[in-house]
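> One-letter residues, chain by chain:
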Amino acid sequence: MLFFTIILVVCFVSVSNKKNNDTIKIGFVGPLTGDMANWGENTLAAVLIAVDEINQAGGILGKKIEIIPEDDICTGRNGADAVSKLINIDKVVAIAGGVCSGATLGEAPISEAAKIPQVSFCPTNPTISQAGDYIFRVVPSDIFQSRYAAKYLSEIGKKNIAVLSIKNDWGNGLNKAFISAFTKNYGSVIFNDSFDQDTKDMRAQLSKIKAKNPDAVYFIGYTDQTIAGLKQAHDLGIKTTFFGADPWDDAKIWNELGSLGDGAMYTVIGTNSSDAFKAKMKAKLGKNDFIYCSNYAYDTLKILTSAINMANSTEGTAIKKALYETNYTNGVSMKEIKFDANGDPTSALFTVKIIKDGKAKEVTK
Amino acid sequence: MELLQLILYTVAITMLLSLLSMGFGFTLRSVKFFNVSFTGSFLVGGYIMFLLYRIFLFPLIPSLVCSLIIAGLYLAFAYIFIFSPLIRRKGNNLILVIASFGLLIATMATIGMLFGNQATMIARHLSDISTINIFGATLNIVQILAIIFVPIIVCIFALIRAKTRFGRAVRAIEDDREVAELIGIPKEKILTIIFFLSGIVAGIVGIIEGFDVGLNPSGGLVYILPAIVASVVGGMKSFWGGILGAFILAIAQKLTVVYIGGTWEQAVPFVILIIILLVRPEGILKK
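Top to bottom, those sequences are chains A and B.
Here the first sequence stands for residues 0 to 364, where the numbers follow numbering that gives the first Met the number 0.
Here the second sequence stands for residues 0 to 286, where the numbers follow numbering that gives the first Met the number 0.
The hints are simulated quantities; they were obtained by calculation from the structure and are not laboratory data.
Check each hint, because a few of them may be wrong.
To be verified - 25 Å max Cα-Cα, derived SDA-like pairs, lysine to any residue:
{"#": "1", "chain 1": "B", "residue 1": "K188", "chain 2": "B", "residue 2": "F80"}
{"#": "2", "chain 1": "A", "residue 1": "K24", "chain 2": "A", "residue 2": "F276"}
{"#": "3", "chain 1": "A", "residue 1": "K84", "chain 2": "A", "residue 2": "E154"}
{"#": "4", "chain 1": "A", "residue 1": "K286", "chain 2": "B", "residue 2": "G260"}
{"#": "5", "chain 1": "A", "residue 1": "K209", "chain 2": "B", "residue 2": "I128"}
{"#": "6", "chain 1": "A", "residue 1": "K238", "chain 2": "B", "residue 2": "D127"}
{"#": "7", "chain 1": "A", "residue 1": "K166", "chain 2": "B", "residue 2": "L224"}
{"#": "8", "chain 1": "A", "residue 1": "K238", "chain 2": "B", "residue 2": "V270"}
{"#": "9", "chain 1": "A", "residue 1": "K358", "chain 2": "B", "residue 2": "A122"}
{"#": "10", "chain 1": "A", "residue 1": "K283", "chain 2": "B", "residue 2": "G115"}
{"#": "11", "chain 1": "A", "residue 1": "K320", "chain 2": "A", "residue 2": "N87"}
{"#": "12", "chain 1": "A", "residue 1": "K90", "chain 2": "A", "residue 2": "G75"}
{"#": "13", "chain 1": "B", "residue 1": "K236", "chain 2": "B", "residue 2": "F100"}
{"#": "14", "chain 1": "A", "residue 1": "K175", "chain 2": "B", "residue 2": "I250"}
{"#": "15", "chain 1": "A", "residue 1": "K211", "chain 2": "B", "residue 2": "T262"}
{"#": "16", "chain 1": "A", "residue 1": "K251", "chain 2": "B", "residue 2": "G115"}
{"#": "17", "chain 1": "A", "residue 1": "K209", "chain 2": "B", "residue 2": "K162"}
{"#": "18", "chain 1": "A", "residue 1": "K251", "chain 2": "A", "residue 2": "T74"}
{"#": "19", "chain 1": "A", "residue 1": "K286", "chain 2": "B", "residue 2": "I250"}
{"#": "20", "chain 1": "A", "residue 1": "K166", "chain 2": "B", "residue 2": "L220"}
{"#": "21", "chain 1": "A", "residue 1": "K251", "chain 2": "B", "residue 2": "L113"}
{"#": "22", "chain 1": "A", "residue 1": "K355", "chain 2": "A", "residue 2": "G269"}
{"#": "23", "chain 1": "A", "residue 1": "K114", "chain 2": "A", "residue 2": "K166"}
{"#": "24", "chain 1": "A", "residue 1": "K286", "chain 2": "B", "residue 2": "M112"}
{"#": "25", "chain 1": "A", "residue 1": "K207", "chain 2": "B", "residue 2": "G260"}
{"#": "26", "chain 1": "A", "residue 1": "K207", "chain 2": "B", "residue 2": "I250"}
{"#": "27", "chain 1": "A", "residue 1": "K320", "chain 2": "A", "residue 2": "K166"}
{"#": "28", "chain 1": "B", "residue 1": "K162", "chain 2": "B", "residue 2": "I152"}
{"#": "29", "chain 1": "A", "residue 1": "K358", "chain 2": "A", "residue 2": "T182"}
{"#": "30", "chain 1": "A", "residue 1": "K352", "chain 2": "A", "residue 2": "D274"}
{"#": "31", "chain 1": "B", "residue 1": "K162", "chain 2": "B", "residue 2": "K236"}
{"#": "32", "chain 1": "A", "residue 1": "K279", "chain 2": "A", "residue 2": "D249"}
As the list claims (entries may be wrong) - Okay, the calculated bits of chain A under chain B, using three or more residues with CB under 8 Å as the criterion:
{"#": "33", "segment": "131-138"}
{"#": "34", "segment": "220-226"}
Glycine is no exception: its CB is placed at the ideal position from the N, C-alpha and C atoms.
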């Protein structure tokens with residue numbers, strides 16, 4: 000009886016495998032659970048929108064595209080497991096993802112060793128540039144975001160800056176890049192301290208900052224720490240400008256703070272969004288939730304599939320070669336995307352937003 | 000000015016940590032194990048308060064009372080259904096600690112699923128939490144209430160322990176559980192009440208934290224370590240030990256941030272723990 004069942008199962012599996020050879024499988028890896036789940040859900044929706052459009056136009060190389068999503072919970076360890084599964088079990092030809100820098104740094108070695116191209120659309124840690132020949136990203140590294148922030152702060156007349164950053168890969172990357180750029184060209188950093196990832200009490204650090212009286216505070220943190228930190232800064236009566244990085248694009252921060260957050264500014268990676276794309280995202284998600292990474296995720300899928308088309312093959316090395324020769328235009332993220340020798344985009348688009356009446360508005364130059 | 004501000008902050012943090020250590024000490028002294036699920040009550044109290052006060056918009060005092068009762072019941076039920084059976088089956092302390100870890104992890108995961116992993120703020124509007132100016136330094140209303148009420152709560156518990164029949168029964172059980180039962184003290188009933196009170200104390204701190212900076216499910220693990228270290232440093236057998244330990248720990252942490260840097264704040268409990276275990280393992284206060 001058991002023997003029969005085993006034979007049946009084996010037959011069934013090989014039959015379904017045969018069916019699966021009619022699609023081109025691309026893996027998606029991102030935080031589908033955990034505190035970045037919103038970003039994972041959002042970017043997956045964008046990827047699926049791109050795939051729908053491609054399949055409706057006939058697919059690639061005569062076959063439909065199939066997305067296999069896996070959860071990396073925004074950590075390197077889970078990311079490595081997820082990507083291993085996608086490559087070894089699902090036999091994907093390429094991977095779109097991840098979202099978090101830490102997760103992507105865990106995933107990259109696996110993809111690189113397996114010679115499967117991985118294009119990510121959100122992680123900004125500088126070390127990803129050296130992650131491998133098969134590793135690409137469409138968003139610029141934090142070195143550029145910090146440099147842009149340093150330049151902007153100098154342009155609005157801030158000469159003495161205090162830096163307060165979260166202690167993790169992302170925070171350390173931004174911290175080093177910012178201090179290096181600012182002290183080299185624009186002014187001085189009069190205070191530099193950090194806080195643990197789990198803590199939300201920054202009062203001691205903020206008291207010291209208040210005593211130093213800086214022109215601005217470059218505050219590098221995610222949602223939770225920012226809400227707590229800005230409230231504590233307000234309680235202390237610190238009147239100076241607080242300047243942050245792209246996680247401040249999370250509307251939850253400003254909804255919680257209300258008018259307490261007014262005057263805060265942050266850099267964010269810009270997009271070339273269209274109303275059509277926004278409408279499709281709203282339809283797919285069922286809500287009006289804008290995260291810039293989704294635009295980049297959509298373009299990533301389009302870039303990957305056009306590279307497969309250009310290479311006329313689903314073989315990893317061929318796709319990789321085609322990616323280096325990609326010249327993608329009129330995307331919803333940037334007007335033009337090309338990759339440099341490190342797999343990073345050759346250009347970057349940043350904007351600065353400021354909080355007025357509890358809402359983020361782009362600062363017009 | 001900066002000095003006064005730092006002193007006020009340290010006092011506020013010390014109050015919270017004292018309360019946490021005191022509540023942790025209840026179950027440490029009576030059942031003689033590190034009840035890690037103590038911070039489960041911390042989370043339950045805070046999150047139920049969030050649910051009642053901010054989501055259902057119930058008024059403040061009823062929500063507070065309800066949340067604290069539920070936080071207390073959480074630990075009371077944990078005792079009745081988990082720890083008491085294990086003790087009856089001659090489970091040793093290691094088994095009890097592991098069981099309490101299991102309960103804590105399950106609680107954290109459930110709360111994470113229900114409320115999400117991002118910070119949950121109890122205050123309906125952060126601007127509700129006003130600040131008060133004290134000779135140029137500021138404290139917010141939550142910290143001021145903590146500084147005023149924590150000493151009162153500690154004194155109430157100290158009085159209960161010293162002057163009431165219940166307090167005598169508690170001290171008897173802490174001294175020797177078996178003998179206490181032999182002389183007619185209703186051990187199970189008293190222990191359940193002790194767990195209930197321990198849960199309420201944790202719940203109070205959880206609610207304060209939820210108003211002040213917001214709650215995360217992972218807060219369960221982050222807070223248990225200072226509570227354990229403070230109890231060990233101050234003296235595990237003494238009622239005032241946990242409170243003394245909390246003072247030492249909070250002051251050391253804040254001084255470290257000021258003079259060495261915020262990067263080292265989380266290392267301080269570990270360093271102090273190692274020093275105390277090397278120099279005076281039974282803690283500072285004996286009884």
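> So, for every hint listed, does it hold in this structure?
Verification of the hints:
no.	hint	in the structure
1	B/K188 <-> B/F80	holds, 13 Å
2	A/K24 <-> A/F276	holds, 24 Å
3	A/K84 <-> A/E154	violated, 48 Å
4	A/K286 <-> B/G260	violated, 43 Å
5	A/K209 <-> B/I128	holds, 20 Å
6	A/K238 <-> B/D127	holds, 19 Å
7	A/K166 <-> B/L224	holds, 19 Å
8	A/K238 <-> B/V270	violated, 36 Å
9	A/K358 <-> B/A122	holds, 20 Å
10	A/K283 <-> B/G115	holds, 22 Å
11	A/K320 <-> A/N87	holds, 22 Å
12	A/K90 <-> A/G75	holds, 21 Å
13	B/K236 <-> B/F100	holds, 22 Å
14	A/K175 <-> B/I250	violated, 30 Å
15	A/K211 <-> B/T262	holds, 19 Å
16	A/K251 <-> B/G115	holds, 13 Å
17	A/K209 <-> B/K162	violated, 48 Å
18	A/K251 <-> A/T74	holds, 22 Å
19	A/K286 <-> B/I250	violated, 47 Å
20	A/K166 <-> B/L220	holds, 18 Å
21	A/K251 <-> B/L113	holds, 18 Å
22	A/K355 <-> A/G269	holds, 19 Å
23	A/K114 <-> A/K166	violated, 32 Å
24	A/K286 <-> B/M112	holds, 21 Å
25	A/K207 <-> B/G260	holds, 10 Å
26	A/K207 <-> B/I250	holds, 16 Å
27	A/K320 <-> A/K166	violated, 37 Å
28	B/K162 <-> B/I152	holds, 15 Å
29	A/K358 <-> A/T182	violated, 31 Å
30	A/K352 <-> A/D274	holds, 20 Å
31	B/K162 <-> B/K236	holds, 19 Å
32	A/K279 <-> A/D249	holds, 21 Å
33	131-138	violated (count 0)
34	220-226	holds (count 3)
The earlier numbered hints that this structure contradicts are 3, 4, 8, 14, 17, 19, 23, 27, 29, 33.
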